[in-house]
Amino acid sequence: MYGFRFDGVGRGRPWNPAGGMKNHVLSTLRCWFLAISFCTLAFSGDVATSQYDASRTGSNSSEIYLSTSNVNSNTFGKLFTRAVDSNIMAQPLYLQGVTFSSGTHNVVYVGTMNNTVYAFDADNPASSSPLWSTNLGAPDTTANQWGNLHGIVGTPVIDRALQAIYVVAANTVSGQCVYSLHALDLLSGVEKFGGPAAISGSVSGSAFDGSGGTVTFNGTQQIQRAGLGISGGSVYIGFSGEFADSEPYHGWVFGYSLGTLRQTAVYMSTPNGQGAGVWQGSRAPVIDANGVLYYETGNGDYDGAVNFGESFIKMTPNSSGALTLSDWFTPYNWATLNEYDWDLGSSGPTLIPGSNRIVGGGKTGILYSLNTGSLGHNNPSGDTQIPQSFLATAGCTPPYSWHACSQIMSQAFSYAAAVPTLYVWGVYDKLRGYQFVNGAFNTTAASVGAASAYFPGGSVSHSSYLATSGTGIVWAVVNDVNDGGNYFFTPVHYGAASLHAYDASNLTNELWNSDQKSGDALGNLPGFSGAIVANGKVYVPTFSNQLVVYGLLNGPVMGDVNADSVVNCADLDIIKAAYGKTSSQPGFDLRADVVPDGVINVRDLALVAQHVPPGTVCQ
Amino acid sequence: MKNNAVRYFVPLIMACAAFPAGASTVLSVSPSSTVAQVGDVVTVAIQLSNVSDLYAWEFDLSYDDTVLDPTSGGVEGSFLPGGGGTFFLAGDTTTPGEIDLTSDSLLSAGPGVTGSGDLVDFSFTAISLGTSALTIVPNGDYYLLNSSLDAISATITNGSVLVSSPEPSTWLLIILGGSASIVFGPLPGKLRLVRRRIKGAAIV
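Chain order of the listed sequences is A and B.
Taken in order, the first sequence gives residues 1 to 619; the numbers are from my numbering.
Taken in order, the second sequence gives residues 1 to 204; the numbers are from my numbering.
Some hints could be false.
The following label-pair restraints were derived from C-beta to C-beta distances [claimed, not checked]:
1) Ala450(A) to Val75(B): 53 to 63 angstroms
2) Gly140(B) to Asn72(A): 34 to 44 angstroms
3) Thr384(A) to Gly140(B): 56 to 66 angstroms
4) Thr66(B) to Gln619(A): 26 to 36 angstroms
5) Ala151(B) to Leu325(A): 22 to 32 angstroms
6) Thr95(B) to Pro613(A): 34 to 44 angstroms
7) Thr125(B) to Ser583(A): 29 to 39 angstroms
8) Thr95(B) to Leu553(A): 40 to 50 angstroms
9) Ser583(A) to Thr95(B): 17 to 27 angstroms
10) Gly103(A) to Thr125(B): 21 to 31 angstroms
11) Pro96(B) to Gly103(A): 42 to 52 angstroms
Part of the chain A face toward chain B, derived, beta carbon under 10 angstroms [stated by the list, open to error]:
12) Leu572
13) Ile574
14) Val595
15) Leu605
No wet-lab data here; the hints were simulated from the structure.
No residue lacks a Cβ here, since even glycine has one placed at the ideal position from N, Cα and C.
Could you build all of it, start to finish, from the sequences and the hints given here?
Below is the structure:
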């Protein structure tokens, strides 16, 4: 059906199958050309880390192919799947234009619970065999949360300059769970930098699981769920407790040198207590422009000195990567949160780009908006010292019970939208969008979806082309199985799930979902991981031993710059408006760079012009 | 396939027949030299000759902004529209001494135009005495594309504009008491032609 395509390289547009022989030849030539030219580009379409970026916005604001016009059951659906050897809990990662000896590919990287890392061609349905795959040893069997397969859980992170993907695998050694950091070559999967490095460490403390004033990391009691993050020359790895908060556990954060895999940091959130895991709904830490890390912790002891359960924690790395806790915020009701298992850290924070605000919520459904320069510490009489807090979901319904709230597990922030909006979809609640205006959130949702989600709510992400009207889409992966009111993961939660697409400006407008056609079915729920959107395709992990890829069924329409499914003068006008601009200049429009060389010129103009219908008169 | 053959090969054959063997494509400023007086509006054409399958083009033109001032970013010539609908983008005149990124493309799939003709006309006001080169800059903005969007090679021939002092009037010559032909001799024909020309006729 696809024939030869050249959208497999960078941002090239697909061959129009209806174009006939001439187009086939032209496309072949263009494919070769684009493969060459792409090597010099900035890779703006990469998804090299959890939630797209270090701010953890969960938003791809440079998506040029998908719009509210073409995401519908007629033109959008399942394109292909990639079979893997186990469940996928980690978010997939994506790189544009990776040049292998065999050719240039857009690549999607997938880690499985069987400890296998795959690199797949991200575009060609026929390329079902991985470009490479590497198994990092038999998965851990000491944890039983995922059917005795406990391998790669935390989302890996890629450093493209170092040509490495950093991933943590769990193995069983002498009956104990051991975690190791691997740095794998992006082109081959071969270990780099002398890896792997076993993750270990200890801190001074009086925790009951310590000994002689030292608390030592015990992998069997911990799980590496949070995504990995890179700051400076280190990769940081967060840990929380093993399944069901099985004590003793702590929140641990380790840093390892990117280039040597030597340990640079060890931080533990409750050295004199217990708990305070770094769960984060699988999200990676926020890392700001200064390289400072922000996490949220879950249930655990708090004393405002060394124990920081139920807290936002800010950690500043020094020049060698070692971390110092430099600030924190702990809600006034932290003890109540502990009492009811209302972890603050059920999700992770998001840094509002261009501001000094960081926002995050937890199981109570309350969002906290904090000043990064002064997080606020703790005010026992109320959270009045912070810029803002408000209930963003249905919240907790009295009489309160153990973890029975409309929990926040995920959020996405459309930072590039005309009115930036934070999207959350709490447990047993509806998708909601809160606008961020003049440095604060409007606490009444600007838009609310119609459907309710079972546990764990909707895992949301967002795509748009900057602030262009008609391009904003909220994507959500939700559990399809009625769990009867459970507020934590049970086997039923790894049953059938579905992917949904909503108009970001009107959440009652569902554009498409994977249950509309049987051929589009997603498979089983991938825990907290949601979809990633890259270059017109949507990549969704599953617990069905496969990665599912959705997109435009006939590929993007050649020349359809504004993604409205037709090629006409409006597309040429977009090129005209950005004509002559280079990618470093204001006014550059990525959509208009149809021949992706970083400049809008006659090659873009002519390529689009060739695809307007005969008889078209413009200007 | 048959239609494709008719559509693409026939123009190619016609093009081959139209051009003598060895005829090369030339992109030129026409006329190549022009003389004007301060205050005149001078128009030059950018012509392309002996081209086959031209689908789109783009280039920058440089000039001496102390001598000339462009009146616009150019007016589309007649050559490309001969192949059907077009999308013309006048050049950017914001940078003194340059008319940047003047562009044009045919619309819809199909062959380009073949033969010779004007791509664009540029008009300048002569603002001071001197000579301005008119140079088609062979930089990264220079493209002649065929319908496969491949580059067409061409030889570039640039031009110039001489802005001179006004001729003395006839009465002035009489008052001076002599025959113009004696005092000044016959003015060069091209100067006399150019002064009256608005749009560049060939210089005699």
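A quick look at each hint next to the structure:
1. Ala450(A) to Val75(B): 53 to 63 angstroms: Given a distance of about 55 angstroms, which is inside 53 to 63 angstroms, the answer is holds.
2. Gly140(B) to Asn72(A): 34 to 44 angstroms: Distance hint for Gly140(B), Asn72(A) holds at roughly 40 angstroms.
3. Thr384(A) to Gly140(B): 56 to 66 angstroms: 59 angstroms, holds
4. Thr66(B) to Gln619(A): 26 to 36 angstroms: 33 angstroms, holds
5. Ala151(B) to Leu325(A): 22 to 32 angstroms: Hint violated: Cβ distance 60 angstroms, outside 22 to 32 angstroms.
6. Thr95(B) to Pro613(A): 34 to 44 angstroms: The hinted range 34 to 44 angstroms holds for Thr95(B) and Pro613(A), with Cβ atoms some 36 angstroms apart.
7. Thr125(B) to Ser583(A): 29 to 39 angstroms: Holds, at about 36 angstroms.
8. Thr95(B) to Leu553(A): 40 to 50 angstroms: 46 angstroms, holds
9. Ser583(A) to Thr95(B): 17 to 27 angstroms: 20 angstroms, holds
10. Gly103(A) to Thr125(B): 21 to 31 angstroms: 55 angstroms, violated
11. Pro96(B) to Gly103(A): 42 to 52 angstroms: 46 angstroms, holds
12. Leu572: Holds, about 5 angstroms.
13. Ile574: The hint is violated - Ile574(A) has no Cβ within 10 angstroms of chain B, the shortest such distance being about 12 angstroms.
14. Val595: 8 angstroms, holds
15. Leu605: 5 angstroms, holds
Hint compliance for this structure: hints 5, 10, 13 are not met, and every other hint is.
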